[in-house]
Amino acid sequence: MTAKRDVAIVGIHATPQRRRMGKTVIGLMMESLNGSLDDAGLQMSDVDALIAYDFPAGNGEGATDGNVAWQLKQPINFVWQQSGASAVLTGAALIRDGLAEVVVIPAAGAQATDTEATAAYTRPGYEFTEWTGSITPAQFALQARRHMHLYGSTVDDFAYAASTIRNNAHINPEAMMFSRGPYTPADILKARMVADPLTLLMCSLTNDGASCIVLTSAERARYCRKAPVWVLGGAMESRKTSYLEAPSLDIINSRDKMMRGFERLGVRHEDTDMVMIYDHFAHSVQVQMEALGFCKPGEGGAYIREVMGLDQKHPVCPDGGNQGYSHNMIPYNFKIIEIVKQMRNEIIDLCPQSAEGIHTYDRSICRKVRDPKLSVACGPMTEGRHSFVLLEKN
Amino acid sequence: MHAASEPTETMMAGQIPLPVPSKMTEPFWAGMRQNKLLLQRCKTCNAYRWTPQVLCRDCYSEDYEWSEVSGKGTVFSYTVVHRPPLPAFKAPYIVAVIELAEGPLMLTNVIDCDPAALKVGDKVKVAFEKATDEVTLYRFRLA
Ligand SMILES: [Zn+2]
Numbered sequence: 004m005t006a007k008r009d010v011a012i013v014g015i016h017a018t019p020q021r022r023r024m025g026k027t028v029i030g031l032m033m034e035s036l037n038g039s040l041d042d043a044g045l046q047m048s049d050v051d052a053l054i055a056y057d058f059p060a061g062n063g064e065g066a067t068d069g070n071v072a073w074q075l076k077q078p079i080n081f082v083w084q085q086s087g088a089s090a091v092l093t094g095a096a097l098i099r100d101g102l103a104e105v106v107v108i109p110a111a112g113a114q115a116t117d118t119e120a121t122a123a124y125t126r127p128g129y130e131f132t133e134w135t136g137s138i139t140p141a142q143f144a145l146q147a148r149r150h151m152h153l154y155g156s157t158v159d160d161f162a163y164a165a166s167t168i169r170n171n172a173h174i175n176p177e178a179m180m181f182s183r184g185p186y187t188p189a190d191i192l193k194a195r196m197v198a199d200p201l202t203l204l205m206c207s208l209t210n211d212g213a214s215c216i217v218l219t220s221a222e223r224a225r226y227c228r229k230a231p232v233w234v235l236g237g238a239m240e241s242r243k244t245s246y247l248e249a250p251s252l253d254i255i256n257s258r259d260k261m262m263r264g265f266e267r268l269g270v271r272h273e274d275t276d277m278v279m280i281y282d283h284f285a286h287s288v289q290v291q292m293e294a295l296g297f298c299k300p301g302e303g304g305a306y307i308r309e310v311m312g313l314d315q316k317h318p319v320c321p322d323g324g325n326q327g328y329s330h331n332m333i334p335y336n337f338k339i340i341e342i343v344k345q346m347r348n349e350i351i352d353l354c355p356q357s358a359e360g361i362h363t364y365d366r367s368i369c370r371k372v373r374d375p376k377l378s379v380a381c382g383p384m385t386e387g388r389h390s391f392v393l394l395e396k397n
Numbered sequence: 006m007h008a009a010s011e012p013t014e015t016m017m018a019g020q021i022p023l024p025v026p027s028k029m030t031e032p033f034w035a036g037m038r039q040n041k042l043l044l045q046r047c048k049t050c051n052a053y054r055w056t057p058q059v060l061c062r063d064c065y066s067e068d069y070e071w072s073e074v075s076g077k078g079t080v081f082s083y084t085v086v087h088r089p090p091l092p093a094f095k096a097p098y099i100v101a102v103i104e105l106a107e108g109p110l111m112l113t114n115v116i117d118c119d120p121a122a123l124k125v126g127d128k129v130k131v132a133f134e135k136a137t138d139e140v141t142l143y144r145f146r147l148a
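Protein chains in written order, with this note's numbering: chain A, 4 to 397; chain B, 6 to 148.
Chain A on its own, in the form it takes in the complex (with noise of 0.2 Å):
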């Protein structure tokens, strides 16, 4: 492996994951980040860079680097909007050159307290999308049968999938999903069509709740709370913006740059463990299994009935990810907070002594993963923007 521990994680936080909390998204954000913060042993006016899809703060004019910097009443270097993997990539990229030294990552999703059962983020507004009426799931649904198509996947595949992940979060109690399952692949199939081939239960939840991650050099980290988690690397490309341009699996076409995001790194796909997938459709688990190069485009169906349980050789969001842990509309942090937690022996499950950090490894009570040690996290990784992130525990 060529490289280098010089940026680490060291603080993260996720907030409870609820049906419309009656909080507001900057209130969510700020719990959060503030949670974080005390998490890594900092504190804001340590602050200098921050990533988020929306700050939406001070002025209401955005979250520009101006506008952030005012509302926090202290200079920051940098603002961006982006999150998960990506925006690790970004902050870990501003502290290797010295740009910035403490980069937060906040997220944070609220629902307006309407009673209509599709959250808005499922309603598209572009001029040539809305009409259609191609909802989100709609949206991933031609994904998913481009995919079938021209690679032969098939809705057995995207059940089992769907059950695996949800099992994770049937024993996680912070899970929104917690305790609601075990269910079979059958289960999946069962459950109502939303969008063809897509049943409920192959879809993102949609909830309230926010996450934060910090980022700090390696020198700064010798003095935090926590071990660090070092940021090695990855990749992020982007090829168009998802509900504006028809869906294509253009994310099979990022294949190329997501393996040489492995190769610079001098990682090998079978040296690593965990594999947080970006999981908002039960697809994508094969797909970005194919995108990032673990096995070739059609091979996922067979691949992830292998590889993605948790005795297996690369666990799938043991969290329950966005069908079963959480969706707060900008869920790409718990792809890397998941890893962070299970590095450092922070998993909270159904074993009598988990808060301890005691685990049975009984997969009826038991999500800890065996002892990770390199893992990947996926996201944004959907239809046109496609990164993934390589974190190493200490």
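Hint data in this document are derived by calculation from the structure and do not stem from the laboratory.
Predicted model, so just to flag it, every value in this text is computed and none were measured.
Positions of the beta carbon are idealized from the N, C-alpha and C atoms, including for glycine.
Check the hints yourself; a few may be wrong.
Label pairs and their calculated CB-CB ranges [claimed, not checked]:
| hint | chain 1 | residue 1 | chain 2 | residue 2 | range |
| --- | --- | --- | --- | --- | --- |
| 1 | A | A305 | B | L147 | 29 to 37 Å |
| 2 | B | N51 | A | T5 | 55 to 63 Å |
| 3 | A | N397 | B | S27 | 30 to 38 Å |
| 4 | B | I116 | A | A305 | 33 to 41 Å |
Dock chain B with the ligand against chain A, hints included.
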């Protein structure tokens, strides 16, 4: 999943949200009112593009014209939506991506078609649907 937006201003109870043209896209909707499917075509390299863009995606030229296309294409992908975003959408309905004969991919609906019979690769033809005096929509039927 972040392309959240408010319902468009023209949306009314019981009606699907209709497009609001911009200065750049107004000629497209003017073409629709005459039952003509117009795409931007580059005056420098002749490439078609969709969705509307300021520059040619092939040669980055700013010069283009709105050019009528055949309205023919094939089904690139499709889905049957069972859970509509608003009651005005009568589910189930087919959302599809059509690969136009001229090249670009277009998000739309396939209408008057048994969802169980539809396949990727099926040939389709544009069908104009007048929604209001201002707005005619482009959907597709099996050819
Ligand atoms: Zn051109």
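Q: Compare the structure with the hints numbered earlier in the document and write down the numbers of the violated ones, lowest to highest.
A: Failing hints, ascending: 2, 3.
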